[in-house]
Amino acid sequence: MLAEKEQQLVRSLQECMIVCNHCLNECLAEPHVGEMLDCIRLDRECAEFCSYLEQAVIRKSPFVQELTSLCISICGECAKECQKHKHKHCQYCAEICTQCLEVCKSYLD
1 MLAEKEQQLV RSLQECMIVC NHCLNECLAE PHVGEMLDCI RLDRECAEFC
51 SYLEQAVIRK SPFVQELTSL CISICGECAK ECQKHKHKHC QYCAEICTQC
101 LEVCKSYLD
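Residues 1 to 109 in UniProt numbering are what the sequence shown lists, from first letter to last.
Wrong hints could be hidden among the right ones.
[Claimed, not checked] Below, computed lysine-lysine pairings styled on DSS-like, alpha-carbon distance capped at 25 Å:
hint, residue 1, residue 2
1, K84, K60
2, K60, K5
3, K88, K60
4, K105, K80
5, K5, K84
Quick caveat, the hints were computed from the structure, so don't treat them as lab data.
Take the sequences, apply the hints, and build the full model.
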């Protein structure tokens with residue numbers, strides 16, 4: 001059974017992965033998709049990394065601390081990029097990525 005701190009981290013990672021994938025799909029549908037390429041790339045990176053970290057936490061990987069530190073950086077970069085765009089899906093993604101990085105920081109404390 002996962003401790004409460006681990007459960008909170010897993011929930012946040014799941015939400016971030018889902019929202020980043022949604023943002024990625026919405027960005028692909030934007031009329032000027034070329035302007036969204038950095039956002040799409042970071043959405044994908046963040047979604048995949050959050051998914052990987054979630055699995056690492058569940059299986060109690062010895063690398064969770066290091067992976068969580070890296071997740072803070074990835075979520076931060078994704079949030080920064082999404083904040084540059086006015087689309088609702090990007091703004092929401094930036095918010096969720098920021099929340100996820102805060103949960104990651106709390107997990108490491």
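Checked hints:
1. K84 x K60: Given that 25 Å is the threshold and the Cα spacing comes to 36 Å, the pair is violated.
2. K60 x K5: 13 Å, holds
3. K88 x K60: 35 Å, violated
4. K105 x K80: 17 Å, holds
5. K5 x K84: 32 Å, violated
The structure does not agree with the numbered hints 1, 3, 5 stated previously, though it agrees with the rest.
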